[in-house]
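J.: Residues per chain are reported as follows:
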Amino acid sequence: MKSWRRTKAIAIKEVLQLSRDRLTFGMIIGIPIIQLLLFGFAINQDVRHISAGVADLAGTSASRSLVSAVEATQVLDVNVHVRTGDELEDLLRVGRISVGIYIPPDFERRITRGDKTAADLLVDASDPVILGQVQALRLMPFNLRKAPGLDFTKSPGPFEIRAFYNPERRTEVQIVPGLIGVILTLTMVLFTAIAIVRERELGNMEMLITTPVRSHELMIGKILPYIVIGLIQVAIILGLGYTVFRVPIVGTLSDIFLGSMLFICASLTLGLLISSFAKSQFQAFQLTLFIFLPSILLSGFMFPFDGMPRWAQVVAEVLPLTHFLRIIRGVILRGATLIEMWPEVLALITFFIVAMTIAVLRFTKRLD
Amino acid sequence: MTGDIAIRTEALSRYFGAVKAVDSVSLEIPKAQIYGFLGPNGSGKTTMIRTLCGLLTPTSGSAEVLGLKIPDDAEALRQRIGYMTQRFSLYEDLTVLENMRFFGEVFDMEPARIDARIAALLEDYDLGALKDRQARAMSGGQRQRLALAVATLHEPELLFLDEPTSAVDPENRRDFWESLFALVERGTTILVSTHYMDEAERCHGLAILDKGTLVAVGTPDALMDDIKAQVLTIETAEPASAKRAVQDLPGVLSIAQLGQRLHVLLDPQTEEPVRHVEEALASRSVAAQVTQVRASIEDVFVMATRGKTRRQRGRATGEAA
Ligand SMILES: Nc1ncnc2c1ncn2[C@@H]1O[C@H](COP(=O)(O)OP(=O)(O)O)[C@@H](O)[C@H]1O
Ligand SMILES: [Mg+2]
Numbered sequence: 001m002k003s004w005r006r007t008k009a010i011a012i013k014e015v016l017q018l019s020r021d022r023l024t025f026g027m028i029i030g031i032p033i034i035q036l037l038l039f040g041f042a043i044n045q046d047v048r049h050i051s052a053g054v055a056d057l058a059g060t061s062a063s064r065s066l067v068s069a070v071e072a073t074q075v076l077d078v079n080v081h082v083r084t085g086d087e088l089e090d091l092l093r094v095g096r097i098s099v100g101i102y103i104p105p106d107f108e109r110r111i112t113r114g115d116k117t118a119a120d121l122l123v124d125a126s127d128p129v130i131l132g133q134v135q136a137l138r139l140m141p142f143n144l145r146k147a148p149g150l151d152f153t154k155s156p157g158p159f160e161i162r163a164f165y166n167p168e169r170r171t172e173v174q175i176v177p178g179l180i181g182v183i184l185t186l187t188m189v190l191f192t193a194i195a196i197v198r199e200r201e202l203g204n205m206e207m208l209i210t211t212p213v214r215s216h217e218l219m220i221g222k223i224l225p226y227i228v229i230g231l232i233q234v235a236i237i238l239g240l241g242y243t244v245f246r247v248p249i250v251g252t253l254s255d256i257f258l259g260s261m262l263f264i265c266a267s268l269t270l271g272l273l274i275s276s277f278a279k280s281q282f283q284a285f286q287l288t289l290f291i292f293l294p295s296i297l298l299s300g301f302m303f304p305f306d307g308m309p310r311w312a313q314v315v316a317e318v319l320p321l322t323h324f325l326r327i328i329r330g331v332i333l334r335g336a337t338l339i340e341m342w343p344e345v346l347a348l349i350t351f352f353i354v355a356m357t358i359a360v361l362r363f364t365k366r367l368d
Numbered sequence: 001m002t003g004d005i006a007i008r009t010e011a012l013s014r015y016f017g018a019v020k021a022v023d024s025v026s027l028e029i030p031k032a033q034i035y036g037f038l039g040p041n042g043s044g045k046t047t048m049i050r051t052l053c054g055l056l057t058p059t060s061g062s063a064e065v066l067g068l069k070i071p072d073d074a075e076a077l078r079q080r081i082g083y084m085t086q087r088f089s090l091y092e093d094l095t096v097l098e099n100m101r102f103f104g105e106v107f108d109m110e111p112a113r114i115d116a117r118i119a120a121l122l123e124d125y126d127l128g129a130l131k132d133r134q135a136r137a138m139s140g141g142q143r144q145r146l147a148l149a150v151a152t153l154h155e156p157e158l159l160f161l162d163e164p165t166s167a168v169d170p171e172n173r174r175d176f177w178e179s180l181f182a183l184v185e186r187g188t189t190i191l192v193s194t195h196y197m198d199e200a201e202r203c204h205g206l207a208i209l210d211k212g213t214l215v216a217v218g219t220p221d222a223l224m225d226d227i228k229a230q231v232l233t234i235e236t237a238e239p240a241s242a243k244r245a246v247q248d249l250p251g252v253l254s255i256a257q258l259g260q261r262l263h264v265l266l267d268p269q270t271e272e273p274v275r276h277v278e279e280a281l282a283s284r285s286v287a288a289q290v291t292q293v294r295a296s297i298e299d300v301f302v303m304a305t306r307g308k309t310r311r312q313r314g315r316a317t318g319e320a321a
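In order, the protein sequence lines correspond to chains A and B.
Count the first sequence with our numbering and you get residues 1 to 368, in order.
Count the second sequence with our numbering and you get residues 1 to 321, in order.
Isolated chain A, as found in the complex (with noise of 0.2 Å):
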């Protein structure tokens, strides 16, 4: 009962702590808007519009049916003409053009001959993005039966036209629900991270442990406050993906923000760790900073944990948000439930207890 009401006293105090740092106010709210729109919009692989230029020295209709059929795939907007191969380069070198066309004179010949492929893209690799677009162009994605005068049936080169439209629709869908965990995995590692540091550096630890305060009500008090704050980053991304990126949520809520809470306590717990080893602020962003990038690299957000070396996946296994990308998208995408997914559901309860019991044992109400 008295541990009780010292745990909810340092809950509210956090909370008016809280409510008067605005800076912090508005990263609750505005981290998982600014990182949902820039990893939904910006980070899209779905590129259109890339400004081309076309030297066609071949000059049949041939070729210039080729042309308009790259124009008619809107990945490429033909801006400019030009004579030679040589101009077409200078155009991309200085950026005035991302993808350029070039046709050579003997482009009907190469066609019925088949031995070598009709046309050339010249490519601005700088951008990874475009290099990936354009390479599934180069696969002739486009419909040739559109373009008369062209026959490439001799010609080298598979058309894998699948690959091209599957990818980009599947980018946002996939992204959203790994965003939730990347961004409850910033933000709520960071909080606690330096929520006990920055006591322990504004000098208000040195009060705080003269009093009967116990160091698990400590704990649990800082972290009461920002469970609810996870959940509401929660809220907004999942409603923002639902709205603006038309993400299906096929399980249920329930499932979905009991697993983020599961996930949020991991977290929290993970920060605490962190602030036990933090001597300052910075050594406690820096930290943070060093558990968030193998997190976002092997947890399967960026790259599919299957194609990882098997080293790489037992240290992915330790993250919490290698489980939580599991949970969340099998229960987002595919409407699995939490109790098909126990395996991962035990995973999140064992760190949050072993991270707990660590940071509540390495916090002494001691100064040395």
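There may be inaccurate statements among the hints.
[Unchecked claim] Mimicking DSSO-like on lysine-lysine, the simulated pairs with C-alpha atoms at most 27 Å apart in a straight line are:
#1 Lys365(A) x Lys20(B)
#2 Lys211(B) x Lys8(A)
#3 Lys279(A) x Lys228(B)
#4 Lys228(B) x Lys211(B)
[Said to hold, decoys possible] Reference excerpt, derived from the structure (chain A facing chain B, CB under 10 Å, subset only):
#5 Leu202
#6 Gly203
#7 Met205
#8 Met207
#9 Pro212
[Unchecked claim] Over 12 Å on every C-beta distance to chain A, these chain B residues come out as not near it, computed from the model:
#10 Arg136
#11 Val150
#12 Thr236
Think of the hints as simulated: they come from the structure by calculation, not from any bench.
Virtual Cβ for every residue (Gly too), placed ideally from N, Cα, C.
Once you've looked at the hints, dock chain B with the ligands against the given chain A.
T.: This is chain B with the ligands only, laid out in the frame that chain A set:
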């Protein structure tokens, strides 16, 4: 006599690596008194207080606070002590009321008692008008009153105050000491550290610390009476010349300049000290007025720390420090 002793330390030491912050200090501090730790910055006052609060583990030696062994029984001690840290350690972004309520709850006080104590303390420490003001928007004196109010909120038997007046103007310092005496009258024991001589003089008992060691201990009066020196002041228009005239005289232990005055400590063996000094000044034709005065706490301090540092210390712990 244990019943009348609030704190007892035996050869208490706390080192930080090679730094002997507290070096073998043995002390007995009686209850219901204001006991002062006097010493310059770095003399180990804060380390001493932190160790007695159970916040630092002693390197060696032992300490008993309110009959509890430190640091083993530190947790049981928490309810019974109040600690006002040297640096303001309440929450700057909480208001006066919020800070008080928070610490009341953390100290397990009943809600009704919290309210009653807050009302009384707002009155006692003149904080009523500021009760909704955030601590960061308060002056040094106001913060100090708030810190004292919070430290005494749960009515501790023993109060540790670490340089409580360092950020406070002289007038507020006087008021502050009035409130300390009021607390002592109600039976509270107060341990206060300071580097102000005038504050040290107001304590019932005094321990002078220098570089972690206890160099003198006793009541201020006894310390001033027992000083092993004679004290003279020289009033002169040419203090620099006067200093040159006196500094190499046999028996002179220390000279400190205070504006137009020189403060001279002489060996107690020196006979007719006033004439001795007057003659020296006359031989250099320095016009001056020499009088013998009673030793101050500062003189006690200078004498106590003299043995450790051969060279003249001057105003080692002057007001400006
Ligand atoms: N946490 C610490 N780590 C290392 N040295 C310390 C620490 N705290 C105090 N010291 C050193 O111990 C000595 C005494 O310091 P302190 O107790 O703060 O003195 P005071 O309070 O009298 O100014 C100083 O030399 C100080 O540098
Ligand atoms: Mg100090």
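J.: Could you run down the list of hints and mark each one as holding or not?
T.: Structure-based check of each hint:
| no. | hint | result |
| --- | --- | --- |
| 1 | Lys365(A) x Lys20(B) | holds, 23 Å |
| 2 | Lys211(B) x Lys8(A) | violated, 43 Å |
| 3 | Lys279(A) x Lys228(B) | violated, 48 Å |
| 4 | Lys228(B) x Lys211(B) | holds, 21 Å |
| 5 | Leu202 | holds, 7 Å |
| 6 | Gly203 | holds, 4 Å |
| 7 | Met205 | holds, 8 Å |
| 8 | Met207 | holds, 4 Å |
| 9 | Pro212 | holds, 5 Å |
| 10 | Arg136 | violated, 10 Å |
| 11 | Val150 | violated, 8 Å |
| 12 | Thr236 | holds, 46 Å |
Checked against the numbered hints above, the structure breaks hints 2, 3, 10, 11 and satisfies the rest.
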